[in-house]
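Trainee: Chain by chain, the residues run as shown.
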Amino acid sequence: MLLEARGITRTVDIVDAEPLRILRGVDLAVDAGEHVSIMGRSGSGKSTLLNILGMLDAPTDGELLFDGAPVARMRRGARDRMRGRNVGFVFQQFNLLARRTARENVAMPLLYASGPGFWHRAALAGSMLERVGLGERVDQLPERLSGGEQQRVAIARALIREPRLILADEPTGALDVETGGAVMDLLDDIAHRAGAALVTITHDPHVAARAGRAYRLDGGVLAEVAPEIVR
Amino acid sequence: MRGITGLAGAIAEAWQELRVHRMRVLLSLIGVAVSVAALTWTIAMGQLLQQSQDELMERSSGRPATVTLSTADPIETAADAALLDSAFADAAERYGIDWTSRVSWVDATALGTTAELRGVDADYGEMHRVRLAAGAWFSDVDALRLVPVVVINEWWWQRLGSPPLESHPTASLAVSGASVDALVIGVTESGPYDDYPAGFVLYDDAAELAAAASADQAPQYEAWIPIEGADELVEAIRSSVQAHLPEGAEVYAERTDYLAWGDENPFLMMQIVIGSIASVVLVIGVLSLLNITLVTVRHRIREIGVRRSFGATAGRVFFSVMLESVVGTALAGVVGVAIAVMAMRVPALQDALFAGIEDLPPFPIGAAVTGLVVSVGVGAIAGLLPALVAVRVSPIDAIRY
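Those protein sequences? They're chains A and B, same order as listed. When you line the first sequence up against numbering that gives the first Met the number 0, it's residues 0 to 230, in that order. When you line the second sequence up against numbering that gives the first Met the number 0, it's residues 0 to 400, in that order.
No wet-lab data here; the hints were simulated from the structure. Certain hints may be false.
Derived, one-sided and incomplete: chain A residues facing chain B with beta-carbon distance under 8 Å [unchecked claim]: (1) 50; (2) 55; (3) 88; (4) 90; (5) 113; (6) 117; (7) 204; (8) 215; (9) 217.
A virtual CB, placed ideally from N, CA and C, is assigned to each residue, including glycine.
So here's chain B without its partners, still in its complex pose:
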C-alpha cells in the first residue's frame, strides 16, 4: 500500500513541479526536443539514404547476391551459343534459381551517335530494379512479336518527341551497318547526367540483330541468388556449366553485386559521420538540460528541506527529482520524434534527398524508438546528478537557506 501511494505521491509531486515551473520546464525541454528531433531525423535520414544508395547500387550491379557467369572465348557459332544457353539453364534449374538473365552489349548507333544498348531477358528488370517513366518492361509476349521491341531511356524518348506509347512509336537503330526500326514499349528514367541514347532489347532480338550477339564478345549470364551460401552456390553453378562445355573451355563465375566488393560495409564511413553528428547533438542536449536541472535544484533547496522536515525520505526526494526529469524528457522525446517525422515528410526535402529511390520506406520505426529511448536515457542521466545533490541537502541547512 505504501508502495502504491509512494509512487502516486511521487508522480503527483513531479506533475506539480512541472506545472509550477512550466516556463523553466518548457525552455529546458525545447532543447531536449530539438536534440531528440535532430538525432531521430539524422538516424532516419541515414537509414533512408542507405536505402537510396542500395537501390542505386542494385540498379547498376544487381541485387545482392547477383552472380555473373562468362566464358573466356568468344562464341564462334550459334551451336556454341546454344550449348552455353542450355548449360546455364540447366544449372539454374538444378539449383532452383528463379531469376536469371542473359546479357549482351549491342554495337548500335541511334540519333547519329553511339547507343548504349543491352540485350537482356525479362527477369533483368526486377533483378536490377529498372525504373520506368512510361510504358512497360519486357514480358513473355514481347518475344513473340514480329518486330524487335526496345525500352529506351528518357533522353532518347524526348528526342523522339515524347510520343505516347499507345501510339506504338518506333526508334531507329543501326546495328552492324543495317538499319532497323524497333517498337518502343517502355521508357526508363534518365539520370541528370544522361545525354546519350541508351536502352534494352530482348536478348534473342539482340542476337538476331547483331548476328549472334556480336562476334567479338562472349555473352554473360546473370543469376539472382540468396545471399546465404552465395559463395558455395556460385562455385556450384560454375562447375555445372563447365561440365557441359567441351574440354579446355574456361568458365568464370563471380558475384558482381555491390555487397561482394569487399568485406567492409560500404556505408561504414557515412554511418560513422552521421553517428558522430548525432552524438554531438545529444551531448549538447544532455549538457544543457543538466545545467538547467542543476541550477533548478539549487533554487529548490529550501523547498526540499521543508519536504524532508514533513516526512519526505531521501529515497523519495531522489525518486521525485529523477521522475521530474524523466517524465519531462519523455514528453520532449515524443515531441522531438513527431518533429522528425514531420520534417521527413516535407515534399521538397524528399525530392532533394531521395530523387530516384523506388521503395522509399516509411519513417524507420527503429529511429523513432531510438529517439524515445534516448530521450528517457537523457532524462535519467540529466536527473541523476541533481537527484544526488537533492538527497545530500541537509534539512536543517535548507530550512535556514
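For reference, chain A alone in the conformation it holds in the complex:
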C-alpha cells in the first residue's frame, strides 16, 4: 500500500471553548496508480486531511504510513525530503511563484532534488511544459497566462519529480466548467501514464466522479460512497 491513514484525528484547541475536532478517526488506503476523490462541503476538513496525507501537517491521533513506514517516526528533514521526492501538490489557487517564468516555476521542485534531475532541471521543465501543451509558453510569466494555463503549469510542477502520489486540492475550483474539465482530463491522463496515485479533493461531483473510488467527508468522518451515487 502506498499511503495508509489509520484512525486519523485532528483536533484544534480553541481559547475558552471546547477543542474543535476537525477529523474523527479517518481511515483511508491508497494504492499506487489509484485515483481517489474526497468530496465535502466547505469547512468539512477536506484541506486538513489533504495536508496530513501530504505530510505537511501531523494528526493529533492516529497513524499515517507511507510505503508502510510510519511518517511520525521520521525526522523533520527526512520527511521534507521524502515529501519532495514522492508527493506532488496541485492547489486551487495554483500558487505559482510570481515573476518567475513558467519554466522556472516548473523547475522549482528540482532545486531540492539531487543528481541529473537537479542539473538538467531547465530542460526537464521545458519537456514537462510540452507534455501539458505549453511548449510555446515556457518563458511566459504566470501573470500573462490564463487560469487554465496557470493550472497546467501547476500540474507540470507537481509532476516534474515523477511523484508517486499527487494531491490535488480543488484543482478546478478557480476555473470555469469547460476549462476545469480539460484540466482534469490532463491530470488524469498524466497521472495514469506516470503510474502515480491521484487523490483529488473537491466539492464538484463531476470531478469526484472521475475517480475509481469516491469518499465523502462530513463532520470530520470519512465514508466511501458508490461512484454511481456521486454521478
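Using the hints, position chain B against chain A.
Mentor: This is chain B only, laid out in the frame that chain A set:
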C-alpha cells in the same frame, strides 16, 4: 552529492531571488554600500590622518625613538666642546647608533628681524623628516666648502626673490653683530603660519659663526635609536658620555620624540571619535537592511510555503535566506570599498586633508578588508532574523496566506 547539489541549489535560489527582486535588492544594497563606503573611508581617513599627524610630530620632535642629550653647564672652551663631541661620538659608536646630530641655536638676524637658525649635522634632515621645496639638504661635501651653507625656509627664499638655486644665491645673516653671506643650497617648505626667516646651517659652521656655538648655552646631541629597549639605551648613552667628562659635570639624556610624551596613545581620542562615527553609520546600515529584509520575508511567506511543500527543508530555507542577504551585502561591500578608494583619490580632498604629508601611503588594505568583512557580517546579522522568521513559517498557513 546531496551536499553539492544542496549548495548549488541554494546559490541558484539566492541568485534567482536577487534577480527577480532586483529593484528591492538594489535599493536595500545602496544603503549598505553607502554605509560600508562611509565606514571604510572613515577608517582609512583615520589611518591616513594618523600618518599625517605622525609626520608633523616627527618633524618637530624627531622620529621615535629620539634621545636628546645635554649638559647642565654652558660650554666654556673649545676644549670642553671637543670633549663633549668626542664623548657623544664614542657612545654612538659603542651602541651602533647610525643616526646622530648635534643641535645648536644660532643667535642671528636676517631681513631685519630675528632668524630662527639651527646648527645641525647632515643626519638631522632624515631624523626630522625635513621636507624640501627646492634644492638639497646638507651632505658631507658641504662641510668642505669655504663659505657657510644654509638651508632656508620658503618665506625667507621668497623674500630674496625666489632665486634659482643653480645660480648659487646667498642669504645675508648677522651673527653676534658680524655680517656674513651664506650660500643657499636648499629651501624647506613653509607652513601656512610661517612669517619669519628660519633655516639650518651646519653645526660646525654655526660654531664658527657664533664663536663656539654661542657662549651662553650648551649644545644638544640627538640620536635616533630603535624603539625596542629605548629606555635602557638612553641611560646607557648618558652613562657613557658622563664617564668621559670631568667629575661633577652633569649630563642629561631623555627621549624627546612624541611617543615618549606619555603612556597614552596621543591619537586615542581621535580614534574613539572616528570609531564612534563609523559604528553609528554601521548600525544605521544594519537597521535599514534588517527592516527591508524583514518586510521582504513577510511578503514571501506564500512562496516559502510553496517551496516547503515541494521538499525544501527548514535548513534549506534558512540557508537560502541567509545566503541572499550575505551575497547581496558582499557585493555591496565591494562597491562600497571601491567608492571609498575613489573618494580618497580626489585630488582636492587630498590637498585639503593631507597637506604637507611626505609619505602619503596607498589606501590602507586593513580598511578595505575591514569594509568587506563588515559587509559580510552585516549580511549575516541582517539575514539571521529574517531567516529565523522564514524557518518558522508553517507551510499550511503560508499556502493559505
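Trainee: Now tell me if each hint is right for this structure.
Mentor: We went through each hint and held it up to the structure:
no.: 1; hint: 50; result: holds, 5 Å
no.: 2; hint: 55; result: holds, 5 Å
no.: 3; hint: 88; result: holds, 5 Å
no.: 4; hint: 90; result: holds, 7 Å
no.: 5; hint: 113; result: holds, 4 Å
no.: 6; hint: 117; result: holds, 5 Å
no.: 7; hint: 204; result: violated, 25 Å
no.: 8; hint: 215; result: violated, 23 Å
no.: 9; hint: 217; result: violated, 22 Å
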